[in-house]
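Chemist: Residue strings, one per chain:
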Amino acid sequence: MLKFILRRLLLLIIILPLLHAAGYNYALLFYTQTRPNRPPHDHLPYPEYLRHALQTGEWGEIGRIPIWEFVAQPFLNSLVLVVIALFITLLGGVLIGVFSVSRHTKRISPAGLLLTTAGASIPGFLLGGVVITVIIYQILYNSWSRSPIPLSGFGLDIQHLALPLLVLAVRPTLHFAKMTASLLEHELHQEYVRVARSKGLTWLHVYWKHAFRNIIAPLTTVMGQATRFIVAGLLIVEMMFLWPGLGRFFVYAVAANENIRGQHQFYGNPYLLAALAVLIGLMLLTADLIAGAAAYQADPRIRDV
Amino acid sequence: MSFRNYPLMVGGAITAVFFLLALFGPTLAPIDPMERFADVIRDDEGNMFIPSVRPVPPFTLDQFPLGTDNAGRDIFSRLLWAVRPTLFACTAVVLGRLLIAIPLGLMAGWLQESWFDRLTDGFTSLIVAIPQLILAIAIIALNPDRELSLFILVLTLIGWPDLMKYVRNQTTITRQAEFITSAKAIGASTPAILRRHVFPQLWPALPALIAFELSAVLLLFAELGFLGFFIGNGYVIFGADPNSTGLIATGLTAGTPELGQMLSDFWAKIFESPWEMVSAATIIFLMVFGFNMLGEGLRRYTAVRR
Numbered sequence: 001m002l003k004f005i006l007r008r009l010l011l012l013i014i015i016l017p018l019l020h021a022a023g024y025n026y027a028l029l030f031y032t033q034t035r036p037n038r039p040p041h042d043h044l045p046y047p048e049y050l051r052h053a054l055q056t057g058e059w060g061e062i063g064r065i066p067i068w069e070f071v072a073q074p075f076l077n078s079l080v081l082v083v084i085a086l087f088i089t090l091l092g093g094v095l096i097g098v099f100s101v102s103r104h105t106k107r108i109s110p111a112g113l114l115l116t117t118a119g120a121s122i123p124g125f126l127l128g129g130v131v132i133t134v135i136i137y138q139i140l141y142n143s144w145s146r147s148p149i150p151l152s153g154f155g156l157d158i159q160h161l162a163l164p165l166l167v168l169a170v171r172p173t174l175h176f177a178k179m180t181a182s183l184l185e186h187e188l189h190q191e192y193v194r195v196a197r198s199k200g201l202t203w204l205h206v207y208w209k210h211a212f213r214n215i216i217a218p219l220t221t222v223m224g225q226a227t228r229f230i231v232a233g234l235l236i237v238e239m240m241f242l243w244p245g246l247g248r249f250f251v252y253a254v255a256a257n258e259n260i261r262g263q264h265q266f267y268g269n270p271y272l273l274a275a276l277a278v279l280i281g282l283m284l285l286t287a288d289l290i291a292g293a294a295a296y297q298a299d300p301r302i303r304d305v
Numbered sequence: 001m002s003f004r005n006y007p008l009m010v011g012g013a014i015t016a017v018f019f020l021l022a023l024f025g026p027t028l029a030p031i032d033p034m035e036r037f038a039d040v041i042r043d044d045e046g047n048m049f050i051p052s053v054r055p056v057p058p059f060t061l062d063q064f065p066l067g068t069d070n071a072g073r074d075i076f077s078r079l080l081w082a083v084r085p086t087l088f089a090c091t092a093v094v095l096g097r098l099l100i101a102i103p104l105g106l107m108a109g110w111l112q113e114s115w116f117d118r119l120t121d122g123f124t125s126l127i128v129a130i131p132q133l134i135l136a137i138a139i140i141a142l143n144p145d146r147e148l149s150l151f152i153l154v155l156t157l158i159g160w161p162d163l164m165k166y167v168r169n170q171t172t173i174t175r176q177a178e179f180i181t182s183a184k185a186i187g188a189s190t191p192a193i194l195r196r197h198v199f200p201q202l203w204p205a206l207p208a209l210i211a212f213e214l215s216a217v218l219l220l221f222a223e224l225g226f227l228g229f230f231i232g233n234g235y236v237i238f239g240a241d242p243n244s245t246g247l248i249a250t251g252l253t254a255g256t257p258e259l260g261q262m263l264s265d266f267w268a269k270i271f272e273s274p275w276e277m278v279s280a281a282t283i284i285f286l287m288v289f290g291f292n293m294l295g296e297g298l299r300r301y302t303a304v305r306r
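Line by line, the protein sequences give chains X and B.
The first sequence begins at 1 in our numbering and counts up one residue at a time.
The second sequence begins at 1 in our numbering and counts up one residue at a time.
Read the hints as simulated data drawn from the structure, not as lab findings.
In this text, all values refer to a predicted model and were calculated from it rather than measured experimentally.
Ideal placement from N, C-alpha and C gives every residue a C-beta, glycine not left out.
Nothing false has been slipped in among the hints.
Heads up, incomplete: computed chain X residues facing chain B, CB under 8 Å, no partners named:
no.	residue
1	I132
2	L235
3	V254
Chain X on its own, in the form it takes in the complex:
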């Protein structure tokens, strides 16, 4: 176990500097591609920038704030969303998945199938957009004095977190539920389930102690997928609810969109893009590490690989 984790950590240490280089060079390419008529940029090429940064410890500034200090708070803001959303995904996904398999037919029940398929098809912004629209119209035309929950903005209380988490978690949760249900469906048709039942064990016992333990290892792969959904969803959620996190700065940095005027200091900024690549990569790789460790713990067969 320790060896496995150490090997993954080593990989992390190799990949993160590569991501930093990729992000920086992408920004330089971005500058020449999107602003062909402007004078060439005055940023250093990556090797010189790196040498300078390693010698002096100056990684660049945004608005006179050192870049790592600048991105630390957005990183934590995004991390809160990702961690809670992932927790909801795992818990809700497993529960919905287990309950949507009918114990009589050992198949996914029609209602469960409808719920998981429909839920996994809802684009996050549809849900968020409808909620915001309805509340705004209630205020404008139906004399609500104020919105019951904040429509946008940052805060670490349940009211501020509710809408972003709803939008962020609903699709991964139901995707996870769908995968849990189909894995469980396959597992319940195995011989050992029949043996366990004929021994007189209860369904609850067979579900949790026998069948579910066998699907933990494949579910960790699904957890990796869900994490990617959630991290990609950060871009949507943070733009929709104006949450100051990594996803929003990523959109500011690459999208010259009309409705985010006045963010020129972020647009194509190489320091910002390099830092974002590192931090988003860190989130994904850490989730991958946890998923890998869980699979390693759950399935002895993959230990000697």
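Chain X is fixed; fit chain B onto it per the hints.
Modeler: Structure of chain B alone, referenced to chain X:
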């Protein structure tokens, strides 16, 4: 069919409707989707509407059943036009991904543990680890010209590794089968074996795979559109300035109707014409739901037949 496969029927029906809309939607559209209504329109009760100044909400005028957008254009007609480019792009992307993934997957699976397999495995693991939305934005943002071909190319190039892994794993399973040994024994060449014996083993799973892939690509298009990356460039709308005689820029929107475009600029439209976003997102939801149901139904259909 003794087994009632309702996902197949529901999904098939929804998918068929949307493919028909993509084909015939534009001819069904009652109004030109590009026409901006700047004239005063009165309803039966004498209320006045000027769609280009203040968007008409849905269900208020018979002329605009789903209302008008922030440029004063009929949303119903725009939706009928918008299905075609989006669905065409999705289909093209899925076919392109399959065209890349199937030959490479067959080769990697056949040459298991060779340098080719290791190389492609490393590369695909890297690409799969990055969320497709982030990768797509990073590449599309480099090009200021948002043409249909750019979207098809980018989404094809970033999406095939997942499919290739699937094809590779299936091939490594098929490779062990007895009929492959027999085919080798009669002296069939490797390309012939791959074409005649390994590839047909993929057929049963392929329709479901295409349906699921279509839903994933469509959601990706929708998310890109929401973030402001949609097919076709934006242009400035000019409207009459009430305080002077000249024209002023009153907004910025895209010309050609496309589902992604109708989702964009959320906060700019929220107080003017939020119904545009809601109706477009509902269409997207229905399409994705239809594809997912179809995929689920096809998966069951082939599983039952076996």
